[in-house]
Amino acid sequence: MSTTLKNTVDDTVADAVSRLIESVVDDAGFDLYDVQHRGDTLAVLLSGRPAPDAADLSRVSRAVSRLLDEHDPMPGRYVLEVSSPGLERRLTRPDHFAGAVGEIVSVKLVRPRPAGEPGRVEGRLLAADADGITIDAGPPAGGPAAGPAGTPAPRGIAYARIDKARTVFGWGASERPGRPGKSSRKGDAR
84 MSTTLKNTVD DTVADAVSRL IESVVDDAGF DLYDVQHRGD TLAVLLSGRP
134 APDAADLSRV SRAVSRLLDE HDPMPGRYVL EVSSPGLERR LTRPDHFAGA
184 VGEIVSVKLV RPRPAGEPGR VEGRLLAADA DGITIDAGPP AGGPAAGPAG
234 TPAPRGIAYA RIDKARTVFG WGASERPGRP GKSSRKGDAR
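With the numbering used here, the residue at position 59 of the sequence shown is 142, and numbering never jumps.
Watch out, some of these pointers could steer you wrong.
[To be verified] Derived Cβ-Cβ restraints for the label pairs, each shown as a range:
#: 1; residue 1: Asp110; residue 2: Pro158; range: 41 to 51 Å
#: 2; residue 1: Asp152; residue 2: Val193; range: 31 to 41 Å
#: 3; residue 1: Arg176; residue 2: Gly202; range: 15 to 25 Å
#: 4; residue 1: Ala243; residue 2: Glu105; range: 39 to 49 Å
#: 5; residue 1: Gly185; residue 2: Val107; range: 22 to 32 Å
#: 6; residue 1: Glu153; residue 2: Leu209; range: 42 to 52 Å
#: 7; residue 1: Val162; residue 2: Arg203; range: 24 to 34 Å
#: 8; residue 1: Glu200; residue 2: Asp136; range: 39 to 49 Å
#: 9; residue 1: Arg160; residue 2: Pro201; range: 38 to 48 Å
#: 10; residue 1: Pro158; residue 2: Glu186; range: 32 to 42 Å
#: 11; residue 1: Gly169; residue 2: Ser101; range: 12 to 22 Å
[What the hints assert, rightly or not] Here are the simulated DMTMM-like cross-link-like pairs (lysine to aspartate or glutamate), alpha carbons at most 25 Å apart as the crow flies:
#: 12; residue 1: Lys191; residue 2: Glu171
#: 13; residue 1: Lys247; residue 2: Asp178
#: 14; residue 1: Lys191; residue 2: Asp94
#: 15; residue 1: Lys247; residue 2: Asp212
#: 16; residue 1: Lys247; residue 2: Asp219
#: 17; residue 1: Lys191; residue 2: Asp117
#: 18; residue 1: Lys247; residue 2: Glu171
#: 19; residue 1: Lys191; residue 2: Glu205
#: 20; residue 1: Lys191; residue 2: Asp246
#: 21; residue 1: Lys191; residue 2: Asp214
#: 22; residue 1: Lys191; residue 2: Asp178
#: 23; residue 1: Lys247; residue 2: Asp114
#: 24; residue 1: Lys247; residue 2: Asp214
#: 25; residue 1: Lys191; residue 2: Glu153
#: 26; residue 1: Lys247; residue 2: Asp155
#: 27; residue 1: Lys247; residue 2: Glu186
#: 28; residue 1: Lys191; residue 2: Asp212
#: 29; residue 1: Lys247; residue 2: Asp98
#: 30; residue 1: Lys247; residue 2: Asp94
#: 31; residue 1: Lys247; residue 2: Glu164
#: 32; residue 1: Lys247; residue 2: Glu205
#: 33; residue 1: Lys247; residue 2: Asp123
#: 34; residue 1: Lys247; residue 2: Glu200
Everything labelled a hint here was simulated from the structure, so no lab data went into it.
These numbers were taken from a predicted model, which means no experiment stands behind them.
Backbone N, C-alpha and C fix where the C-beta goes; we use that ideal spot for every residue, glycine too.
Model the full structure from these sequences, guided by the hints.
Okay, structure coming up:
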């Protein structure tokens with residue numbers, strides 16, 4: 084996938100930090116989902132079943148901070164953030180895609196694209212292997228209308244064709260944070 088092929092200083096730092104802290108995260112009973120180094124922020128993302136709660140994140144944050152202070156893998160000052168990847172999480176590696184099979188995903192494709200190919204594909208992730216993913220995204224532009232019994236045709240996408248990808252959470256009308264009820268006018272009785 085194009086996002087994992089970039090060899091930048093940020094990727095090098097993230098890789099070094101990942102190797103350093105992986106055993107601490109594992110000992111805490113979680114998986115190291117990702118390490119992201121952007122500017123002056125180092126984000127450590129943990130996953131697991133059950134998902135880490137605030138106390139878990141705080142405990143792992145202290146342990147990771149001690150390790151980073153001791154081994155100093157990053158130049159300069161930075162802010163350490165330890166959290167879960169969230170409901171709508173970035174998918175940057177084959178194991179991320181494998182863990183998201185069955186979920187709805189949004190995939191942005193790299194440029195240049197063949198004429199008529201959409202820039203973004205969204206649908207249920209059906210499979211993920213070492214080479215790419217299979218997504219139930221409906222018919223491609225100019226492709227067959229549907230698979231058997233009128234179902235959308237699965238579409239294979241090689242990792243090399245993926246620019247960015249993330250899971251998509253199906254927010255219900257009443258579930259979306261910050262959304263008031265149906266009536267939000269002043270003076271309306273509830």
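Violations among the numbered hints, reported as their numbers in ascending order: 1, 4, 25, 26
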